[in-house]
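Chemist: Chains A and B supply the protein sequences, listed in that same order. Position in the first sequence (from 1) plus 320 gives the number in this note's numbering. Position in the second sequence (from 1) plus 10 gives the number in this note's numbering.
Quick caveat, the hints were computed from the structure, so don't treat them as lab data. Think of the CB as a built atom: it goes at the ideal place given N, C-alpha and C, for glycine as much as any other residue. You may find that some hints are simply not true.
Restraint-style ranges between C-beta atoms, simulated for each label pair [claimed, not checked]: (1) B:L251 x A:P674: 34 to 44 Å; (2) B:H106 x A:R792: 51 to 61 Å; (3) A:Q638 x B:L251: 20 to 30 Å; (4) A:P674 x B:R253: 41 to 51 Å; (5) A:G370 x B:F144: 43 to 53 Å; (6) A:F775 x B:L139: 50 to 60 Å; (7) B:P294 x A:P541: 26 to 36 Å; (8) B:V72 x A:I713: 39 to 49 Å; (9) B:L301 x A:T481: 29 to 39 Å; (10) B:L301 x A:V678: 29 to 39 Å; (11) A:L421 x B:P294: 34 to 44 Å.
To spell it out: a stretch of chain B is covered by chain A in this simulated footprint if at least three of its residues, at any positions, have a beta carbon under 8 Å from a beta carbon of chain A; those stretches are [unchecked claim]: (12) 98-112; (13) 289-303.
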Amino acid sequence: MSGGVAASGPADERVPSSDAGVPGDARPLADRGVTGGYAAPGENIPIVGGAVRFFDERTGLATFGRNALQKVFPDHWSFLLGEVAAFSFVVLLLTGTFLTLFFRPDTTPTTYAGPYVPLRGATVSSAFDSVMQLSFVVRAGLLMRQIHHWAALIFVAAIVTHLARIFLTGAFRRPREVNWIIGFGLLLLALGEGFSGYSLPDDLLSGTGLRIAYSAALSIPFIGPWFASLFFGGAFPSAGFISRLFVIHVMLLPGALIGGISIHLLIVWLQKHTQYKGPGATEHNVVGLRLWPGQTFRSVGLFFLTVAVIALLGGLFQINPVWEYGPFVPYTAASPAQPDYYIGWLEGLLRMAPGWQVTLFGVTIPEPFVPGVVIPGLLFGGLWAWPFIEARITGDHREHHLLDWPWEAPWRAATGVGIAAIFVVLMLAGANDVIGAWLGIPVETLTVVFRVLVFVFPVVAWFVTYGLARGRLRRGSAPISRPGGIALRRNASGGFEEIHERSAEAIAHRAGEP
Amino acid sequence: MIGPAGLDGRPERDYSGPRVRGLPLTSEEYRAQVIVGALFAVTMVAGFALLVVYLVGGDTQVQGILLTLAFGGLGAGIVVWSQRLLPTRLVTEDRHPLQPEPTAEALATADATREAEAGFARRHLLIGLLFGAFAGLGAALLIPVLSLGPAPGRSLFVTAWRKGSRVVGIDGKPVQASALPIDGVVTVFPEGAVGDAMAQTLLIRVPPDLLRLPADRMAWAPDGYVAYSKVCTHAGCPVGLYRAIEHRLICPCHQSTFDVLDGAIPSFGPAARPLPQLPIQLQPDGTFVALGGFPEPVGPSFWNMTSGGGA
């Protein structure tokens, strides 16, 4: 149906130059729906222009391209968090491809004979051996491995910060619930990527992590044993699981991530960015820099800076030294054992849960089921559905393109910080052995403290945030302004009105500003 | 539409006019050019230096720093360029409704589509059968899924321990009672299954008079030698820590704690059931054999553990 409409669309929307064979488009820019003063790259340049025309004659994409370059992007640092995530993902793809050329997803036992003396003669899996080879023999292999691991940590951190920004500013409201759902799915995929990658080297720590994952799968009522057996290919540790995990890590999840990111960005493109309240910004426009050259330069610059920071971390800060953990041996466990931080909250849940297990009518609900499956499901499910939950609570189903400042919706900010507080306590609880050793407090005491804190701290955080936001809101009657800019004040009906620079009112407001 | 000048409060300079080569630069522009040029030079030098360091077999740290400089110089240069040498004037773009008013043409097409759909929408029986066909296909798709792993069967209920299994150490040699001091602990396996994840067992020697096992299990622990499954009943980690003073086993993963003297009942942490005890017998030659397998499933719990099914 849409094809039919496009084909019969008004002819003047198409670029006549391609039909007429005239170089470039002779009409004024404004007639072509172009609103700015920049010419498309390639125009008036014989070679590039020729290439552009060649493809435009065959695809008709030049008009889209020209319009795209004029697109306006709001100018605020917090809009770059998602870009950092996307750029880390590029680093992951590039370094990951390098790693696949050396990694052997194979658990066949072999004897280590490489240059790392302490492990020489040890029986290790072929997978572990290849990671050792990569780390000690392949030139720049360790650098690539460490950059890959650090990029994964940055990737998840950038996604979470991006998500927090979206949450606190209400950017998920209609029409962007769709992208919240896709974005949250991307976070889950990223966590899966992280965990599967962490588990591939077949070292002692990662093997222990898989053992726990297997037990959590086993705890699912009724289908648990079947599910665990099908997913892991038999009872743990099954010989084929590393190669299965490898396929998941390098094909299934990256494919899903690439697809998801593409749709995520396409929707951002279609819906246009949200923007903060500020001079000239309304619900019906976007104020910012054009894609070309302003935003492109910033994004490309940010890309290289992101790579630079990850390269610095990967080059100077050791991460996941599998040779210190040693190969996976099913009857050995490392202590203290810590997962990557983004799994820490789940580890904390498992650690602090009391040993309660119910058997009713011959059906046992295994202890890990509630902390390992139900509570993560509720936490993530609740966050995932948040746009709809909030719309239900507030009854606000209107479109929003202007963002709230976090304090403008105190209860939302408080809820967001409260949820973050839960995760903070859970992450600390996941490191209770390390913290206990560091503070000289018995782990048992610490666990009890965390069991209390996980309920108390989020509530305290909720009320503190709520109070701070309300306080900020009360002082917020001061005009939103920047030096030399236009001063706006919110009026009773929720709109904005301009305050003239020299009016007594504005001066009074200025004076009242903190 | 170009937004009002100076909307963002930045000092204004008109970049939109035709730039002529050789036009005198302002001093800020000149300074910015020098900075950007210097940053790009950093990338250039660092990139070549990285290649040289690599070729002479340089180490990870130096390569990391050079890589950082290479990317950082380029990134910083481009950012400075965008901030200082490109127009930073904010512009405004109108937002169009996400769902535009349908054109007459689109409405006509929709009508035509509705008409065409009638040949489909009225066939209720066929639509029902179509869903049935999809359900059948779904069932057929289970075939590759079910091939992904063996049926769990009895695998979660039994281990390699049998009646008469000799108790051996990691080296595969029978464990000698005399080799284990009081409060000593050793990881053991049934002969022929050394290293087996499910059969791993801890043999612990405690003062016999301290043991408070259920009466029917006292005979399973000759002379204070008591054997418990090493697989944590919480999440399956090897229970690798033994606090001999308190006679407690602690799992390093989630700190489940088991009282060795009381039959490995969990006294702290998330584990909900005791570590299963292996019945063992001291042989005249000072070695041990198992009197049978574990009386209950080892490792983490699962839903049909007590009903004993084994799907």
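Chemist: If a hint holds in the structure, say so; if it doesn't, say that too.
Modeler: Hint check results:
1. B:L251 x A:P674: 34 to 44 Å: For L251 (chain B) and P674 (chain A) the Cβ distance comes to about 20 Å; the hint is violated.
2. B:H106 x A:R792: 51 to 61 Å: 34 Å, violated
3. A:Q638 x B:L251: 20 to 30 Å: Given a distance of about 26 Å, which is inside 20 to 30 Å, the answer is holds.
4. A:P674 x B:R253: 41 to 51 Å: For P674 (chain A) and R253 (chain B) the Cβ distance comes to about 21 Å; the hint is violated.
5. A:G370 x B:F144: 43 to 53 Å: About 51 Å separates the Cβ atoms of G370 (chain A) and F144 (chain B), which means 43 to 53 Å holds.
6. A:F775 x B:L139: 50 to 60 Å: 54 Å, holds
7. B:P294 x A:P541: 26 to 36 Å: 48 Å, violated
8. B:V72 x A:I713: 39 to 49 Å: 56 Å, violated
9. B:L301 x A:T481: 29 to 39 Å: 59 Å, violated
10. B:L301 x A:V678: 29 to 39 Å: This hint holds: roughly 32 Å between Cβ atoms.
11. A:L421 x B:P294: 34 to 44 Å: Once the Cβ atoms are compared, 59 Å apart, the range 34 to 44 Å for P294 (chain B) and L421 (chain A) is violated.
12. 98-112: Coverage by chain A holds here, the residue count being 8 at a Cβ distance below 8 Å.
13. 289-303: violated (count 0)
Figure legend: structure checked against the earlier numbered hints; hints not met, in rising order: 1, 2, 4, 7, 8, 9, 11, 13.
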